[in-house]
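**Student:** Each residue of the sequence shown is one higher than the last, beginning at 1 in UniProt numbering.
Treat the hints as calculated values from the structure; they're not laboratory data. Don't take each hint at face value.
[Said to hold, decoys possible] Straight-line C-alpha distance at most 30 angstroms; calculated BS3-like pairs for lysine-lysine:
(1) K175 / K130
(2) K111 / K80
(3) K129 / K175
(4) K129 / K80
(5) K173 / K185
(6) K170 / K185
(7) K129 / K78
(8) K80 / K130
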Amino acid sequence: MSEKTKQEQHDAKEENSEVVEEVFAEEPQAEEVAEEQHESDELSQLEEKLNESENRYLRLRADFDNFRRRVNVESEAKEKYRAQGLITELLPALDNFERALNIDADNDQTKTLLQGMEMVHRSIVEALKKEGVEPIEAVGQEFDPHLHQAVMQTEDENFDSNVVVEEFQKGYKLKDRVIRPSMVKVNQ
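Turn these sequences into a full structure, and let the hints guide you.
**Tutor:** Structure (structure tokens):
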């Protein structure tokens, strides 16, 4: 072999070894890129888990706030209408009192008895008023199915159509809640 060929082979070997060294030198860079990609993927997964956890926390907090608000509303309603059961039980007795007050007093003893009953009736009505109980206005008012229970209908020229003409039983409201509708006769 000639010297030139030997030199070319030697140069080719050196070039090959340089290329091999470059390839081996690039290999760690490929590993570093793969490692960086793995870290980036891991970071993305952690960020996704963090976002999911934050969203779950916010939903739970909103649910808890809604629960607390609902409990407060129920508690306020319970306090507001705490006397409803007792008042509902007292209304028939109050009705009987009012019927008794409508009798005609024909002697002094009956008049005195009626005066005493009127005082007791006023006391009961005042106590109920303090609790927020009010009678429902009926006669002369426009019929309202939320406040009145129509048990009869009539035709009376003195009243407009759909107006309460007569009240058979008083209705009552406790604050803003109807506890007993008025039983009424309505004009057609």
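**Student:** All hints, please: hold or fail.
**Tutor:** Right, here's what the structure says about each hint:
no. : hint        : result
1   : K175 / K130 : holds, 10 angstroms
2   : K111 / K80  : violated, 39 angstroms
3   : K129 / K175 : holds, 10 angstroms
4   : K129 / K80  : holds, 14 angstroms
5   : K173 / K185 : holds, 19 angstroms
6   : K170 / K185 : holds, 12 angstroms
7   : K129 / K78  : holds, 18 angstroms
8   : K80 / K130  : holds, 12 angstroms
Violation of the numbered hints given earlier is confined to hint 2; every other hint is satisfied by the structure.
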